[in-house]
Amino acid sequence: MKRFITLFLFTFIANWAAAQQKIDYDKKLKELGIALITPAKPVANYVKMVRTGNLLYLAGDGPWRADGSYVTGKVGVDLSVEQGYEAAKQTGISIISTLKAELGDLNKVKRIVKVLGIVNCASSFTDQPKVINGFSDLIVAVFGDKGKHARSAVGMSSLPMNTSVEIEVIVEVE
Amino acid sequence: MKRFITLFLFTFIANWAAAQQKIDYDKKLKELGIALITPAKPVANYVKMVRTGNLLYLAGDGPWRADGSYVTGKVGVDLSVEQGYEAAKQTGISIISTLKAELGDLNKVKRIVKVLGIVNCASSFTDQPKVINGFSDLIVAVFGDKGKHARSAVGMSSLPMNTSVEIEVIVEVE
Amino acid sequence: MKRFITLFLFTFIANWAAAQQKIDYDKKLKELGIALITPAKPVANYVKMVRTGNLLYLAGDGPWRADGSYVTGKVGVDLSVEQGYEAAKQTGISIISTLKAELGDLNKVKRIVKVLGIVNCASSFTDQPKVINGFSDLIVAVFGDKGKHARSAVGMSSLPMNTSVEIEVIVEVE
Numbered sequence: 001m002k003r004f005i006t007l008f009l010f011t012f013i014a015n016w017a018a019a020q021q022k023i024d025y026d027k028k029l030k031e032l033g034i035a036l037i038t039p040a041k042p043v044a045n046y047v048k049m050v051r052t053g054n055l056l057y058l059a060g061d062g063p064w065r066a067d068g069s070y071v072t073g074k075v076g077v078d079l080s081v082e083q084g085y086e087a088a089k090q091t092g093i094s095i096i097s098t099l100k101a102e103l104g105d106l107n108k109v110k111r112i113v114k115v116l117g118i119v120n121c122a123s124s125f126t127d128q129p130k131v132i133n134g135f136s137d138l139i140v141a142v143f144g145d146k147g148k149h150a151r152s153a154v155g156m157s158s159l160p161m162n163t164s165v166e167i168e169v170i171v172e173v174e
Numbered sequence: 001m002k003r004f005i006t007l008f009l010f011t012f013i014a015n016w017a018a019a020q021q022k023i024d025y026d027k028k029l030k031e032l033g034i035a036l037i038t039p040a041k042p043v044a045n046y047v048k049m050v051r052t053g054n055l056l057y058l059a060g061d062g063p064w065r066a067d068g069s070y071v072t073g074k075v076g077v078d079l080s081v082e083q084g085y086e087a088a089k090q091t092g093i094s095i096i097s098t099l100k101a102e103l104g105d106l107n108k109v110k111r112i113v114k115v116l117g118i119v120n121c122a123s124s125f126t127d128q129p130k131v132i133n134g135f136s137d138l139i140v141a142v143f144g145d146k147g148k149h150a151r152s153a154v155g156m157s158s159l160p161m162n163t164s165v166e167i168e169v170i171v172e173v174e
Numbered sequence: 001m002k003r004f005i006t007l008f009l010f011t012f013i014a015n016w017a018a019a020q021q022k023i024d025y026d027k028k029l030k031e032l033g034i035a036l037i038t039p040a041k042p043v044a045n046y047v048k049m050v051r052t053g054n055l056l057y058l059a060g061d062g063p064w065r066a067d068g069s070y071v072t073g074k075v076g077v078d079l080s081v082e083q084g085y086e087a088a089k090q091t092g093i094s095i096i097s098t099l100k101a102e103l104g105d106l107n108k109v110k111r112i113v114k115v116l117g118i119v120n121c122a123s124s125f126t127d128q129p130k131v132i133n134g135f136s137d138l139i140v141a142v143f144g145d146k147g148k149h150a151r152s153a154v155g156m157s158s159l160p161m162n163t164s165v166e167i168e169v170i171v172e173v174e
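Residue numbers (the numbering used here), protein chains in the order written: chain E, 1 to 174; chain B, 1 to 174; chain R, 1 to 174.
There's no promise every hint is true.
[Claimed, not checked] Pairs of lysine-lysine, DSBU-like flavour, derived with a Cα cap of 35 Å:
1. R:Lys27 <-> R:Lys41
2. E:Lys41 <-> B:Lys30
3. B:Lys30 <-> E:Lys108
4. R:Lys108 <-> E:Lys108
[To be verified] Examples of chain E residues lying across from chain R (beta carbon under 10 Å, computed):
5. Ala101
6. Gly104
7. Asn107
8. Arg111
9. Ser123
10. Asn133
Just so you know, the hints here were simulated from the structure itself, not pulled from any lab data. Since this is a predicted model, take the numbers as computed values, not measurements. Using N, Cα and C, we set each Cβ at its ideal position, and we do this for glycine too.
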């Protein structure tokens, strides 16, 4: 009987400790001043993400705002680097919103693995990393070490609907 | 003896049911009016695909025709959106041809996971999704739900040999 | 006792044989005239690589030289195809240097799976494969069959810090 009580208490404490390790992402996002959005639907015959094993492959996402509008224009021509940074951050908010909508709980995110960050820009533009930092800084602020990703930042001559940024992500989940 | 016969019959029926679930892709492609091609050889020191675990990583493919020629030119400049759509569809035919040649049986395709669809276009072009739909519509027509993929559609200023479309795909196989 | 000696000898020979299969990459790189560099640090809030399962996702890398400088300019405008080939090779040296620094032993590389090779070039440039061959030829020279990868070669209108080439790689490790 004593052994049973000990086991019960141990299990209870272990579960409690595990629950404590869970991050209250709703609270964290609020503290960071980030409001999630209703993710945009795919504009064609594809899906928002596909899971294979414990990897999620997300479709390319853009700087969608809560009202359904999005940031357009070429960085370095129509937008400053700072505005590009904000567009990349907005894309991050859209991606986190998609993850939340699909996973239910952001605690299921084990690692942000790989990021391809694309900047819509002129051929003379060379500050793509400063733009995509808007995404990376947000992701690391939200997910901490789990958010530290391998990244490529590149510049393309045009993007769908003239969006300023497009980002695709691979996420490891539980 | 009775048990043996029961087991034999059960195994026979189970195998027969599994065979029924297999899709006759040759028939399906014919119904869709799609003729597979002999896949083009890599133009350099690389291979058509690499398997790791149950994922196939395919090399970037283009709009190859059966006679070895391919669709060239920038969409929005040299080609209309509709012609771009056809080039993306032709690229899909080339990719299905490669999968068939390498896997032997398209029933081994478990899921088309991730697609990067690249349109060769001018910097003012913004209809990349409408072009890459030529690929996505074909893949979903052929593979059904297994064909529903996460996708990025982007515009690049130039592609090898001035091909109009380049698409790379990750496929989950049995 | 006799059985013990047999077992001992067998284990010794098996280990010796396994050691023989290991490649002396330091020697091989020297023979190929390749000097590894100290890998450049990420220029922003991301990491050089992320491992998930037995796959390594590497951040996009560029043509870094040992002295910390890098090859800049657009191929076909500022650089010839041959100079672009050398830039792609230099990017390969940087990537092998990163793998060596992170893995300790290049024998842990089981397969170079997937390569996205990006050439910084004008919109009229169509020889991206000839440029990215600088990377592919090096990787196959160093890793042999393990180095044979699925590849996409593309042209982008601009890259970070005006680097001439950016390459991202997925590697399967032991």
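Cross-check of the supplied hints:
Between the alpha carbons of Lys27 (chain R) and Lys41 (chain R) the distance comes to roughly 26 Å, so the proposed pair stays at or under 35 Å and holds. Between Lys41 (chain E) and Lys30 (chain B) the alpha-carbon distance is near 32 Å, which keeps this suggested pair within the 35 Å criterion. A C-alpha spacing of about 43 Å is found between Lys30 (chain B) and Lys108 (chain E), which places the hinted pair above 35 Å, so the restraint is violated. Between Lys108 (chain R) and Lys108 (chain E) the CA atoms are separated by roughly 30 Å; this keeps the pair inside 35 Å, and the hint holds.
Below 10 Å, beta-carbon pairs count as interface contacts, and Ala101 (chain E) has none with chain R, the closest being about 23 Å; its hint is therefore violated. About 21 Å separates the beta-carbon of Gly104 (chain E) from the nearest beta-carbon of chain R, more than 10 Å, and the hint is not met. Interface restraint check: Asn107 (chain E) against chain R, minimum CB-CB distance 18 Å, threshold 10 Å, status violated. Because the closest C-beta pair between Arg111 (chain E) and chain R is about 6 Å apart, less than 10 Å, the hint holds.
Nearest Cβ of chain R to the Cβ of Ser123 (chain E): about 4 Å, under the 10 Å cut. The hint holds. Look at Asn133 (chain E): its Cβ gets to within about 5 Å of chain R, closer than 10 Å, so that hint holds up.
Hint compliance for this structure: hints 3, 5, 6, 7 are not met, and every other hint is.
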